[in-house]
Structure formats: structure tokens, C-alpha cells
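J.: Given these sequences and hints, build the entire structure.
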Amino acid sequence: MSEVQLELEILRYDPEKDQEPHFKTYQVACREEWMILDAVNHVKDEVDTTLSYRWSCHMAVCGSCGMMIDGQPKLACKAAVKDYADKKVRIEPLANFPIERDLVVVQDDFMEKLKRVKPYIIRKEEKPIEEGEYKQSPADLKRFKQFTLCINCLCCYAACPEYALTPEFVGPAALALAHRYNADSRDQGLAERHKEISKPEGVWDCSFTDTCSIACPKHVDPASALQQLKITTTVQWYKELIGMGDK
Amino acid sequence: MELIKTDIAIVGAGGAGLRTAIAVAESNPDLKVALISKVYPMRSHTCAAEGGAAGVIKPDDSLELHFNDTVGGGDWLTDQDVVEYFVNEAPKELLQLEHWGCPWSREPNGSVGVRPFGGMKIKRTWFAADKSGFHILHTLFQTSLKCPTIERFDEFFSIDLLMADGRCQGVVAMEMKSGRLFQFQAKAVVLCSGGAGRMFPFSTNGAIKTGDGTAMAYRAGVPTKDMEFVQYHPTGLLATGILLTEGCRGEGGVLRNKDGYRYLQDYGMGPETPLGEPVLKTMELGPRDRLSQAFWHEQQKGNTIPTPWGDSTHLDMTHLGEKHIDERLPLVRELSIIYAGVDPVKEPVPIRPVVHYMMGGIHTNIDAETPVSGLFAVGECACASLNGANRLGSNSLTELLVFGKRAAKNAVEFARKQNSEANESELKEQADKAQAKVRELVQKSGGTESIAGLRSEMAKSLEEGAGIYRTEETLQQTCNTIADLRKRYAGIELHDKSNVFNTDLFQALELGNMLELAQTVAEGALARKESRGSHQRLDYEARDDEQYLKHTLASYQGEEAPRIDYHDVVITKSQPGVRDYSGGAK
Amino acid sequence: MAYVRPVSKTCWYLKDRNYTIHMLNELTSVFVGLYALLLLWGIGAVASGPEAYQYFLKCLASPGMLVLLWVTTIVIFYHAIAWFKVTPKAMPIQKGEEFVPGGVIAGAHYVVWILFSLVVLFLAGVF
Ligand SMILES: Cc1cc2nc3c(=O)[nH]c(=O)nc-3n(C[C@H](O)[C@H](O)[C@H](O)COP(=O)(O)OP(=O)(O)OC[C@H]3O[C@@H](n4cnc5c(N)ncnc54)[C@H](O)[C@@H]3O)c2cc1C
Ligand code: SF4
Ligand code: SF4
Ligand code: FES
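Chains as they are written, first to last, in numbering that gives the first Met the number 0: chain A, 0 to 246; chain B, 0 to 585; chain C, 0 to 126.
It should be emphasised that the hints constitute simulated quantities derived from the structure, not laboratory data.
Take the hints with a grain of salt, since some may be wrong.
Unchecked claim - With a cut-off of at most 25 Å between alpha-carbon atoms, the simulated DSS-like pairs for lysine-lysine come out as follows: (1) B:145 to B:31; (2) A:126 to A:144; (3) B:145 to A:198; (4) A:126 to B:145; (5) A:144 to C:88; (6) C:88 to A:229; (7) B:496 to A:43; (8) A:144 to B:122; (9) C:84 to A:229; (10) A:141 to B:57; (11) A:126 to B:57; (12) A:141 to A:126; (13) A:114 to B:31; (14) B:496 to B:176; (15) A:23 to A:81; (16) B:4 to B:31; (17) A:23 to B:496; (18) A:87 to C:14; (19) B:496 to A:16; (20) A:123 to A:238; (21) B:4 to B:416; (22) A:114 to A:194; (23) B:91 to A:126; (24) B:322 to B:122; (25) A:144 to B:57; (26) B:486 to B:443; (27) A:238 to C:88; (28) A:23 to B:176; (29) B:436 to A:43; (30) C:14 to A:86; (31) A:134 to B:145; (32) A:43 to B:486; (33) A:114 to B:176.
Said to hold, decoys possible - Some chain A residues well away from chain C (every beta-carbon gap over 12 Å; in silico): (34) 122; (35) 131; (36) 244.
None of these values were measured; they are calculated from a predicted model.
Each residue gets a CB set at the ideal place from its N, CA and C atoms; glycine is no exception.
T.: Shown next, in the form of C-alpha cells:
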């Protein structure tokens, strides 16, 4: 097995000690099959136990380990060290979020916004469980399936210039989930979600840079969801204007 | 220390915790729920489950068949009243998830699809491609957002339970971003803190699966049950231990040794089935314990392939075709390409058995109650004895739902009956004790042991002594090593003294918890002188129903090794029989 | 206290190549706007009578104007191509279970564009 030599420049910040974040450099001899997360874990275990960051699954599904790797938002557990072989790699906490400590960012803002867009099935009338499942054809499922794949890693927020400039913007992942439920054949909550989505800080803050989709490690394509939402939102606006607001 | 008063405190916000919380909130809007988790709910390891969740829904299936598969799969160490309740409730719970929006894969007519799974006689595993746990977790989490009475405490690390007047009255947890300790006073506490696979070196489990809740209950006087039963999943990716779901074999993937031979037929699971036509409950669709054991034998015979990450065999899916793989197993393909550099469409994937699931856990009954009143437990941290000596794949996701709901009902009933005031002074004293313990851990200096060092010694020792096959000698060695590591644990020193997100501290606490549980695994295995399900002893090769058709209970004895007792298995209608996974089995 | 990193309100689009490209795309709409103004001027000129219209045509033929028109044409081409490329994201079309491939949707836009152009050229008497 060959080795890959990395020089990790990690942004460090401890609010109890530091006025400002600063970089600290670590030399790591990585095994070739490692991900950046393995290199960071190596630092934590063997070199500097005071380093703080989030991780859990090491399989790109829990969404914990989003960080800026050479300036791009990535999952550390999905970024192969091979791609950065024998050079300096900058590791910083996800952009556009306040830094709690080292690579840990404050995520409260997203959690609050997610709740606001009502990401759950809303029905006028619930069908009793005894009556079985709602039928949904494979085509109906495919219509929204892609947007269910979001792992809430927030890489898209770190890639969104509008979120950087206007922190009130509800943002790509939360809005993509709103669209996911709007597009689900079992759901009847479009009108309710519309109230949130159509606000100025809702979908209209998006300028379609597509950078969220480029960054998304799960190919959710939130930019697509948002553009579709803009169309639905416009149609809904007209419908409400002529008093036919319901879905 | 902050004080939070609530009605029901739930520790853990994975599938089990969320289902419990929603069940309380939906039917009892007057009760307050505190949902405490050391990670944001959607980071819980339920997200990693791939294959699916079992529940009888199709006309060719029956509750009785599901019952039989589960009891036999568990090598009769299952409590049959629990299994019966479980198979009855399973379909309702899975339908409930469907109503909440879970994107289950569908059949052309719009009904929910099911796929074959190991050890199941009929196709009954509901699936959402190969991201079933992920979708279940996110559906539950998102649904929980509509319940106003659930107050979440995300990134709060639970440290110990609060016990007074013979009942559990709350929990102490640390707010991770500030290092502040919180005393949660509750009328009932439900532990949903997940498994402890991280005790082992090579595991499908995420970093958070360190058995914290199980250890908390254990220290508080609740015995652990059947901890020696550790499930190895036969198909883990080499370097990382990432799981390739049993769905791979359900869809028709086969196992081959270094000569390309489908070796399972040599271990009582033959005859060989035609390629691309998997037959239920035989060959590759045998149960996990048998498949992992077959690997071990192939290794002994020199039929495996040596690699830098250990010996391996192959999971071959090349005959399934790109379209089928992309539709049913997209994640498997992605994971294999990223983490092993192998595209399963084109090449067989090198794999080896990997620690996957703890059958054992906090001793609970059919009501999700522990022996301590006011304390309930659900999910992988608990052992309701549904899974016995070997869990059947896709039963545990359903277990989270079925018993989450049941725990909620019972915890609510318990809380409503509780009109005596909390024993404030006693609780405060205990909370202070927990605080002192943490403070000492952080402030102590001069230690020479490292967390990572002790952790890897523990893991290595467990793998060597309490792995797929065990003997008196190796187990004794492991018991000694773990006891020694527990002593050495007192010699660790934390370099991180910060109050803010001090992961050094959390890792230390997790290590302490794992060491305690590792001891219950090794001691339980040493005491069980028989082979059953996932517990295989080379020195006692047969199952011994006479002596060991019993649950192992391990009780905390402070710094000493646990006391081992036994507890009867509930048998209602299925007498212990032979587990036959040959193609000719009825 | 959590640390908030400063964001440049004026130069943020220089931070990342994709932002810069996006801003260039946005910038092309200035030319679309310019061309719209030109068109308005032309219509106004037609309405005001033959003299005004002749004057308008003369202005169009001036060298400076020709350069501007060429630049505008090129930029508008770029603008159209950039946006056509992303239309499949905004307007995915599902036929049966599958989505119509993005290329087909973008291609349809080109076809419509060409047809319109032909009609305009026909009306203008080119054929
Ligand atoms: C890779 C993989 C694939 C699997 N596939 C399947 C499958 O296909 N079918 C199936 O049926 N089963 C499967 N399983 C098993 C199943 O997924 C798990 O048993 C189940 O998800 C466990 O759920 P849980 O809610 O008990 O725990 P988890 O989801 O692990 O959640 C534990 C929760 O407890 C919290 N917690 C833990 N410690 C503390 C503490 N100290 N303080 C505060 N909070 C704490 C965590 O933050 C987390 O929220 C799979 C398991 C793995 C690892
Ligand atoms: S497409 Fe919209 S949401 Fe996505 S990064 Fe650009 S502005 Fe943000
Ligand atoms: S949309 Fe993609 S990048 Fe954004 S949070 Fe979801 S998975 Fe992450
Ligand atoms: S560790 Fe879970 S996404 Fe990277």
C-alpha cells in the first residue's frame, strides 16, 4: 500500500481562548485509500486531541462532516486524500455559518428554517391506517424521489452566495424539502407551505447560481427544486388572486 | 446546574427515540417531552440502515411465518410473546410511516414493494431503494417537527441517570456547545441510545454508537441482557467496514471464494441455486450468523483472498445488470466505487464479515420496561428479546417503531400515575456527583494513557477473544485484558480543557461506557458454554437447551466484573428445533 | 461566542469561479436590456413618421452603432445558450416514469428559437 503525504492546514478556534480563528498545520502520512476524514481522525487520535469536529457514519449519509476543503464545501468522509496528494490542503468550517469551535459550526439557523417550511405530509383528511397505504405509482414516486435524498449536510448553504449576503434567505436544502413534499402525490399542503415560500426571504432570494447543486454531495439538485418552486409559487399566486388557491 | 422539568425524557433521537416522542406527543398533547440527543436527530445511525424493514403485507405471507422465521432465526433465544406482538404490530407501523410520507419503493400498481431478505421464508422486507433507514429516520424527524410538545435538546450528551425512591426520575446531560450541565427531571425516562458496535475494531457502526445509554442503565442497576450475542454481517467493505446491504443478496448477489466457488453450499446451505434466481432461506439468503461463520471456515481452509485489510471473499453482483443495480441498489454501487474503487456492475466486490449489531442490551420486557420503575428502553440499546441469538435482517428497523410506540404508551401511563413529587434533594445530590465526575475527568492531569490507545486495545481484544468463534482460553484472555483496561482508564488525561464542544471529553466518557459494556460481552460469552446463533464456541460446539436456553443477565458490580445470572426464555408455541437452511428445508 | 466570518458585500463574486461565471451571465442581461431599448426607439421612430425612421436607420448604420450591435448580438447568443442550458432544471418533464433527458428540453428551446428567427427573417423579406 502506498502512502499519500498531506499537509493539513486546519482552521482552529476556541472561543474561550482565541479572539479570531487561526490556521494550524499538521503533516499526515495517509494511507492511499483514506478519505480526508481519516486524515483528520488521525490528527485527533495521534497528534492533537484538542481538535473538534463532527462526524459519525463515514459513509456520506449522516451529514455531520461537511467542511470547506480547499475552499469547497465537501463531506470529509467522501473526499479522497488521493485527490489532494502531496500538497497543502486547507480545512475550514463550512462557510456562511458562525464558528462554534474549530470545525464545528452553529446550525440552529437551518434547523429553524427547516421547521418553517413544514416538511411533512399535510392532509385535509387522514386516511385510517386500517385502509392500507396510499397508492403511489413508481412514476409519482420518481417525481419527488431525488429531493428526498438530502442528508442536511449544509454544503449547499456554504456554496450559496445569496445565503452569504442575506442570512434570512430560507436557503436551498430547506426549500428543496418543501418542494419534495409539494410534489408528493400524498400531500395536500402546498397552499400552507406557499405562505412561507413566497415571502421575500423565501424562494425569490435565489438567483439561480446553481452552485448549491454543484456542491451537493448527494446529487439532490436543490437549484432545480428551487426553480420549480418559483414556477409553482407564481402559479399559486395567480390562483389565489382569482380565488382558486387550494391545491 | 440548570434544571429542566418535563414529563417524559427520551435519551436518543434515532428511529426509536423519534417514534417514541411522536407517539407521546400525538396522543397526549398535555404532556411535555424532552428529546435529548448527542447529535442532531438526522445524524443518528438509523440513517445508515440500507436494506429495509420487515412486516407482513402481501397476501402470500402470514404473521405465523414471520413469527417462525424470527424465532428460528434467533435460535430460540427469543421471547415468543414479544415476537408475536411484534409481528402483529409491524404492518401497522410500516403503514403509519407510509402515511407520514416515507418514500417506500413501489410496485407498478402503486402498492408498496417488498424484497427478499436473509432468513425470511417469504419476501416481506419493505424498502426505500437501499436507503431505507435513512428515509425512515428523515420521515420520522420531519414528522416530529409538527409536534409542538416535543422539545428537542440537540447536541446534549447524557451522562448518568437520576435515581431516587427506587425509581428513575431523570437524567443528567451536558450541553455540548457550552459544557453546561443540565438536570432533567422527568416522571418517566425512555432510553433510545442505540447500539455499541464501536467496541469492536471493524464495524458498520458510526462513531456515535458507543452504548452510552446501555452503560448508564447498567450503572444505575439495570442488568444488561444477552450481551455476548454480537452480530457479524457477512458483507462489509474491506478498508472501512462500510456495509453492503443484505439486499444485495436479496436481489441475487452471490458469495464466491478465491476460486470463484459459491462456498455456502459446503456449510449446510446448499444445494447451489441458479445464478440470478435467489431462493429464500437458503444459500446467500441464509441467516447472517451462518454466512459469517462459513467465511471463517473458508479462511481456515485457505480459500479466502489475502489483502492488506485482512482476508476477503467476493460479493458478485455482475450478473444483475446496470439497470437493476441502479434502481434497487444505487447506494451500494456508489459506496463500492467511492470506498473500494470497485464498480459492482463490472466486478465482484471484495468483502469480509464485519461487526454490525448488538442483539443484547438493557434488559426489557414486552412493555419496553426495565426492572427499574420509571425507566424504559427501546431500539438497539435495549434487549426485548425479539432478536434472540441472531437478529434477522430488517427486523430491527421495525422493532424501533413497534416498541417505540409501546414504550410511549407505557411511559405515559406510568407518568400519569406519578403524583409524588420528585425527590429534589436526592436528585440534586446525584446530579452533583455526575458533575464532579466530569469535572475530575477534565481537570485531572499527569495521566499517561491515551483515549485512542485504550480504545484500540479494547477493540483488538474483543475481536480476538469474542469474535465470530470463541474459546475458553481466548475469552478468558479478553476478560483479563478488559478488566485491566478499566483500571488503566483511571490514568487517562484530557488535553482539551475547553468548555466548548470538548470532543476529547465526550470520547473519554464514551470509552468509559464501552469498557463497561465490553466486560459484559466477554464475561457473558465466557459463562455461556454452548454454541447458539451468533455465539459460537469451538470448545462447546453444540447448542445446549438443557442449561442455556436462558437469557444472560449481567449486573454492575462497580470496579469488579459483572455478576452473571440467568433469566427464563418465554416459549409459547414454538419448541426449540433445528435451524435448517438447506435448500430442501420445509 | 461563536465567530462570524466577514463576507464582502462588494467583491463576493470574485471568491469563486462559479460565482464569477454566474455574474457574467447576469451581466449579459444588460445587453438584452440595451437591445430592448433600441427596439423601443425603433418603434417610436416608426410611429413618429418616415423622417424619424430614416434618421433611426442612419444612426443604426453608423460604425459605432454597428460595433455595438455586433457585440450585443454575440452577447445575446451567449445569454440564450447559458439559460437554455439550465432550462431542464427549471422545467423537468416526466413522460411515464422517466424524465425527458435534459438535452431534449434544451434542444426544443433551440428549435423554437430557430423557427421564430426564420419567421422574423421571412417577415423582414429576407427570403
Ligand atoms: C449500516 C447498518 C445497516 C443496517 N441496516 C438495517 C436494515 O436494513 N434493516 C434493519 O432492520 N436494521 C438495520 N440495521 C440496524 C438498525 O439500523 C439499528 O439497529 C437501528 O437503526 C438503531 O436505532 P436506534 O434508534 O436504536 O439507535 P440510533 O439510530 O443509533 O440512535 C441512537 C440515538 O441515541 C443518541 N445517543 C446515544 N448516546 C447518547 C448520549 N450519551 N447522550 C445523548 N444521546 C445519545 C444518539 O445521538 C442517537 O440519536 C442496520 C444497522 C447498520 C449499522
Ligand atoms: S441556485 Fe439559488 S439556492 Fe442555489 S446556490 Fe444559487 S442562489 Fe443559492
Ligand atoms: S441539498 Fe445536498 S448539499 Fe444541501 S444539505 Fe441536502 S444533501 Fe447537503
Ligand atoms: S461522517 Fe457521516 S456524512 Fe461524513
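J.: Confirm or reject each hint.
T.: Verification of the supplied hints:
1. For a cut-off of 25 Å, the pair hint linking residue 145 of chain B to residue 31 of chain B stands: about 14 Å separates their Cα positions.
2. For the given pair, residue 126 of chain A sits about 22 Å from residue 144 of chain A by alpha-carbon distance, which is consistent with the 25 Å threshold.
3. Taken as a hint, the residue 145 of chain B and residue 198 of chain A pair is honoured in the structure, with Cα atoms around 21 Å apart against an allowance of 25 Å.
4. Restraint check for residue 126 of chain A and residue 145 of chain B: the C-alpha separation of about 18 Å stays at or below 25 Å, so the hint holds.
5. Taken as a hint, the residue 144 of chain A and residue 88 of chain C pair is honoured in the structure, with Cα atoms around 15 Å apart against an allowance of 25 Å.
6. Under the criterion of a C-alpha separation no larger than 25 Å, the hint pairing residue 88 of chain C with residue 229 of chain A is consistent with the structure, at around 12 Å.
7. The hinted pair formed by residue 496 of chain B and residue 43 of chain A meets the criterion: a straight-line CA distance of about 15 Å does not exceed 25 Å.
8. Using a Cα cut-off of 25 Å, the hinted pair residue 144 of chain A and residue 122 of chain B holds, with the two alpha carbons roughly 24 Å apart.
9. Restraint check for residue 84 of chain C and residue 229 of chain A: the C-alpha separation of about 18 Å stays at or below 25 Å, so the hint holds.
10. The suggested pairing of residue 141 of chain A with residue 57 of chain B holds, with an alpha-carbon distance near 23 Å, which does not exceed 25 Å.
11. Among the hinted pairs, residue 126 of chain A with residue 57 of chain B is consistent with the structure: their alpha-carbon atoms are about 20 Å apart, no more than 25 Å.
12. Between residue 141 of chain A and residue 126 of chain A, the direct Cα distance comes to roughly 23 Å. Compliance with the 25 Å bound is thereby established for this hinted pair.
13. With a CA separation close to 19 Å, the supplied pair residue 114 of chain A and residue 31 of chain B stays within the 25 Å bound.
14. Between residue 496 of chain B and residue 176 of chain B the CA atoms are separated by roughly 13 Å; this keeps the pair inside 25 Å, and the hint holds.
15. Annotation: proposed proximity of residue 23 of chain A to residue 81 of chain A holds, straight-line Cα distance about 22 Å (limit 25 Å).
16. A threshold of 25 Å between alpha carbons decides the hint, and for residue 4 of chain B with residue 31 of chain B the separation of about 9 Å falls inside it, so the pair holds.
17. Using a Cα cut-off of 25 Å, the hinted pair residue 23 of chain A and residue 496 of chain B holds, with the two alpha carbons roughly 18 Å apart.
18. For the suggested pair residue 87 of chain A and residue 14 of chain C, the alpha carbons sit about 19 Å apart, so the restraint of at most 25 Å is met.
19. With a CA separation close to 11 Å, the supplied pair residue 496 of chain B and residue 16 of chain A stays within the 25 Å bound.
20. Under the criterion of a C-alpha separation no larger than 25 Å, the hint pairing residue 123 of chain A with residue 238 of chain A is consistent with the structure, at around 19 Å.
21. At roughly 17 Å between alpha-carbon atoms, residue 4 of chain B and residue 416 of chain B fall within 25 Å of each other, so this suggested pair holds.
22. For the suggested pair residue 114 of chain A and residue 194 of chain A, the alpha carbons sit about 14 Å apart, so the restraint of at most 25 Å is met.
23. Distance restraint check for residue 91 of chain B and residue 126 of chain A: the Cα-Cα separation of roughly 13 Å lies within the 25 Å cut-off, and the hinted pair is therefore satisfied.
24. A distance of roughly 21 Å separates the Cα atoms of residue 322 of chain B and residue 122 of chain B; the hinted pair therefore holds under the 25 Å criterion.
25. This hinted pair checks out: residue 144 of chain A and residue 57 of chain B have alpha carbons roughly 24 Å apart, not beyond 25 Å.
26. Taking the CA atoms of residue 486 of chain B and residue 443 of chain B, the gap is about 16 Å. The hint holds against a cut of 25 Å.
27. This hinted pair checks out: residue 238 of chain A and residue 88 of chain C have alpha carbons roughly 24 Å apart, not beyond 25 Å.
28. At roughly 22 Å between alpha-carbon atoms, residue 23 of chain A and residue 176 of chain B fall within 25 Å of each other, so this suggested pair holds.
29. For the given pair, residue 436 of chain B sits about 23 Å from residue 43 of chain A by alpha-carbon distance, which is consistent with the 25 Å threshold.
30. Using a Cα cut-off of 25 Å, the hinted pair residue 14 of chain C and residue 86 of chain A holds, with the two alpha carbons roughly 21 Å apart.
31. Distance hint between residue 134 of chain A and residue 145 of chain B is fulfilled; the C-alpha atoms sit about 24 Å from each other, no more than 25 Å.
32. Between residue 43 of chain A and residue 486 of chain B the CA atoms are separated by roughly 24 Å; this keeps the pair inside 25 Å, and the hint holds.
33. Note on residue 114 of chain A and residue 176 of chain B: the hinted pairing holds, with a Cα-Cα distance of about 22 Å set against a maximum of 25 Å.
34. For residue 122 of chain A, the non-interface assignment is confirmed: its Cβ lies about 23 Å from the closest Cβ of chain C, beyond the 12 Å cut-off.
35. With 12 Å as the threshold on Cβ separation, the claim that residue 131 of chain A sits away from chain C holds: the shortest Cβ distance comes to roughly 23 Å.
36. No Cβ of chain C comes within 12 Å of the Cβ of residue 244 of chain A; the nearest lies about 23 Å off, and the non-interface call holds.
Checked against the numbered hints above, the structure breaks none of them.
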